[in-house]
Amino acid sequence: MSSPWERLKKKWRKISETGTFRILWITPLSLAGFLIVWWLFSIIINRAYLPGPYEVFQAFVDSFRTPAPSLGITMGDNIASSLQRFLLGFVLAFCVAVPLGLMMGFFRTAETVAKPVIEVFRPIPPIAWVPVFLLIFKLFWGPVMVIFIGVFFPLLSNVIFGVKSVDPTLIDAARTLGADRIRLFTKVIFPSTVPFLMTGITIGLGIGWMCIVAAEMIGAVGGGVGYYIYFMEQLGKYEYMYAGMVVIAILGILTVGISRYIEQYLSRLMGMK
Amino acid sequence: MKRSAIYAVIIAIIAILAVVSAAVLYKPAAEEKVVYWSAIAPANQRAALQTNTVQGAVSWEPYVSDSLVDGTATVIAWSNDIWPHHPCCVIAVKKSFADSEVAKNNDLVARVIRAHIDATNWIIETIENGGDNYTKLLEIGAQFSDRNTTVVESAIEHIEFNYEITEQVKKWFENYTSMFADLGQITSLGGYPNVTAFVNSIVNTSYLEKAMAVEPSDTILGTVKLGYLMGDLHQFARAVAMNETLWGGKTLFEKYGVEIQSPLPYANGAFLMDGFARDEIDMGYLGSPPALLKRINANIQIEIVSLVNSGGSAIIAKAGIASFDELDGQTIATPGPGSIQHLLLMFYANEHGYKLKLKGT
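Top line first, the protein sequences correspond to chains A and B. My numbering numbers the first residue of the first sequence as 1 and each following residue consecutively. My numbering numbers the first residue of the second sequence as 1 and each following residue consecutively.
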């Protein structure tokens with residue numbers, strides 16, 4: 001049996017080998033460097049629209065304690081509203097993009113039918129849909145649908161790509177072993193697509209958060225972090241606007257981080273890592 | 001009487017007393033009357049009313065008349081009926097531009113304002129006198145706002161075109177500033193001890209006085225980068241002054257020796273104020289609230305040098321809704337809490353015993 005000291009040394013060696021140690025000391029340094037550059041810029045430029053990190057931090061803390069003027073809600077309420085519409089938009093996109101992507105990847109006819117329409121809509125940025133969605137889906141579902149559009153296309157592309165990337169040897173082997181189309185799909189193609197699907201989810205989540213300001217410029221029932229950012233810009237309260245942006249960044253990092261964790265977990269589970 | 005019966009009677013009496021006391025003491029909370037607001041750009045408000053996304057709206061012209069002319073909405077109250085002669089749009093100048101002695105920019109500012117005064121007077125006379133010029137006025141408005149002349153005619157009916165900054169106008173600016181302070185939209189007065197001192201610092205009437213002495217010039221004396229809002233008929237005077245057919249083949253600004261360069265029109269006054277911050281414009285037509293708000297909150301050093309209009313906004317509701325009370329619990333679209341229209345709605349709602357709350361809260 002190894003002694004506790006040896007176990008610690010072993011663990012330390014493992015941390016060093018995996019690069020975790022490097023990440024642990026470089027990440028704070030990188031962030032500190034960014035904050036110093038930001039702080040210096042704010043001093044040199046000396047304009048209201050570029051407050052320093054401390055002012056933004058103060059606004060960040062205050063936004064959780066004090067309701068925003070005229071909105072009457074705190075940052076916590078705004079986050080709750082944004083998360084609600086973000087999750088709805090994401091779940092909707094997931095429910096549509098995954099089956100559609102699987103079908104388009106697997107059935108050539110489905111791809112031939114759907115691709116022209118998809119290709120027409122794909123280049124249209126989500127913000128362009130804002131006024132239309134307000135009218136079609138109204139105040140609550142309008143912003144949800146903007147997020148839906150943002151998440152939908154990266155998810156769809158990745159699922160299609162995933163299906164098409166399945167190793168032909170696996171397909172041949174399954175067929176040789178007598179797998180029918182349904183078994184081939186459920187036992188070979190879908191499991192092979194999962195890592196691509198997870199990559200699509202990760203990208204989609206990132207884009208979804210990018211859409212939140214545009215999405216919440218319409219109506220924004222119950223507020224939202226995106227609307228908060230827009231409103232604070234309109235008032236010229238830039239430190240609060242940046243505080244809202246920091247919140248979006250944190251939410252984005254958290255959701256993408258969770259997605260990456262699930263992605264890695266599934267990859268390990270499926271023996272791909 | 002059995003002891004148990006006595007207990008039963010006592011308990012019954014206590015119970016009855018408790019119920020009666022509760023009934024007397026309990027006063028149900030007065031039901032709060034609420035109307036909800038949602039920020040919807042004026043350009044989208046008519047469609048939002050048509051699709052029943054909102055049941056009311058508050059906006060400026062021509063967006064009000066957009067909904068009135070085609071029967072989408074009816075007027076609940078004109079802004080002039082709520083706040084008689086309240087100032088709305090103004091001309092602002094960037095201080096660093098106006099104060100630049102080398103370029104004699106303050107002379108250029110006075111010349112721009114002189115063109116604005118002449119255009120405003122022409123509009124007022126034309127509306128009074130009618131005739132061919134009136135048709136021309138409607139056409140200019142239609143071209144500028146991308147509406148038909150019927151909408152323009154409806155729109156100008158409730159706008160008071162004006163340029164003078166009177167003491168009454170300054171009082172209104174003080175009121176707006178106080179309201180923004182009460183709402184927490186401003187937390188300081190930019191170092192000034194009170195709203196009067198702040199308004200006196202931001203309003204500069206000297207250019208209006210200088211403008212009256214300005215003479216036409218045969219040559220172009222300088223260039224001014226002038227911002228304005230997209231299709232905003234409150235800012236009709238700029239469109240009239242820019243029209244070449246009315247003033248002998250050149251714009252009214254050129255008549256007074258100023259070449260105008262304008263970036264693309266801004267969507268709202270807050271974005272126009274950002275244009276000042278980016279050195280994109282030297283002067284601009286915008287609503288007074290964003291000028292006041294961003295001068296304080298963002299320290300964008302501008303001065304208000306002329307009035308552009310009073311009134312010209314309205315609270316409207318879907319056709320069939322005749323009174324504000326019918327909007328109880330309904331949603332009203334506003335351009336956003338930093339606008340005169342939002343303040344107006346809040347004031348009107350309070351006057352009618354309603355609380356204005358963000359939709360979904």
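Errors might be hidden in some of the hints.
[To be verified] Computed list of lysine to any residue pairs in SDA-like fashion (alpha-carbon distance at most 25 angstroms, straight line):
#, chain 1, residue 1, chain 2, residue 2
1, B, Lys33, A, Ile44
2, B, Lys357, A, Lys187
3, B, Lys357, A, Asp62
4, A, Lys115, A, Met198
5, B, Lys95, A, Ser42
6, B, Lys171, B, Lys104
7, B, Lys355, A, Met198
8, A, Lys138, B, Thr223
9, A, Lys164, A, Phe140
10, B, Lys95, B, Thr166
11, A, Lys138, B, Lys171
12, B, Lys95, A, Asp62
13, B, Lys357, A, Phe64
14, B, Lys95, B, Lys318
15, A, Lys138, B, Asp132
16, B, Lys95, B, Glu244
17, A, Lys187, A, Ser267
18, B, Lys318, A, Lys187
19, B, Lys355, B, Lys104
20, A, Lys115, A, Ser42
21, A, Lys164, A, Ile262
22, B, Lys95, A, Met198
23, B, Lys318, A, Phe190
24, B, Lys104, B, Thr196
25, B, Lys357, A, Ile262
26, A, Lys138, B, Leu356
[Said to hold, decoys possible] Here are some chain B residues the structure puts well away from chain A; computed CB gaps all over 10 angstroms:
#, residue
27, Ala48
28, Glu128
29, Glu139
30, Glu164
31, Leu183
32, Leu264
33, Asp274
34, Ile296
35, Asn297
36, His342
37, Gly353
38, Thr361
Calculated from the structure, these hints are not laboratory results. It should be emphasised that the depicted structure is a prediction, and the values quoted were computed from it without experimental measurement. By construction, the Cβ of each residue, glycine as well, lies at the ideal position given by its N, Cα and C atoms.
Hints, verified against the model:
no.	hint	verdict
1	B:Lys33 <-> A:Ile44	violated (50 angstroms)
2	B:Lys357 <-> A:Lys187	violated (54 angstroms)
3	B:Lys357 <-> A:Asp62	holds (21 angstroms)
4	A:Lys115 <-> A:Met198	holds (22 angstroms)
5	B:Lys95 <-> A:Ser42	holds (22 angstroms)
6	B:Lys171 <-> B:Lys104	violated (31 angstroms)
7	B:Lys355 <-> A:Met198	violated (47 angstroms)
8	A:Lys138 <-> B:Thr223	violated (45 angstroms)
9	A:Lys164 <-> A:Phe140	violated (37 angstroms)
10	B:Lys95 <-> B:Thr166	holds (21 angstroms)
11	A:Lys138 <-> B:Lys171	violated (39 angstroms)
12	B:Lys95 <-> A:Asp62	violated (32 angstroms)
13	B:Lys357 <-> A:Phe64	holds (19 angstroms)
14	B:Lys95 <-> B:Lys318	violated (43 angstroms)
15	A:Lys138 <-> B:Asp132	violated (44 angstroms)
16	B:Lys95 <-> B:Glu244	violated (29 angstroms)
17	A:Lys187 <-> A:Ser267	holds (16 angstroms)
18	B:Lys318 <-> A:Lys187	violated (57 angstroms)
19	B:Lys355 <-> B:Lys104	violated (51 angstroms)
20	A:Lys115 <-> A:Ser42	violated (48 angstroms)
21	A:Lys164 <-> A:Ile262	holds (23 angstroms)
22	B:Lys95 <-> A:Met198	violated (54 angstroms)
23	B:Lys318 <-> A:Phe190	violated (51 angstroms)
24	B:Lys104 <-> B:Thr196	violated (30 angstroms)
25	B:Lys357 <-> A:Ile262	violated (40 angstroms)
26	A:Lys138 <-> B:Leu356	holds (20 angstroms)
27	Ala48	violated (7 angstroms)
28	Glu128	holds (37 angstroms)
29	Glu139	holds (28 angstroms)
30	Glu164	holds (28 angstroms)
31	Leu183	violated (5 angstroms)
32	Leu264	holds (17 angstroms)
33	Asp274	violated (8 angstroms)
34	Ile296	violated (8 angstroms)
35	Asn297	violated (3 angstroms)
36	His342	violated (7 angstroms)
37	Gly353	holds (18 angstroms)
38	Thr361	violated (6 angstroms)
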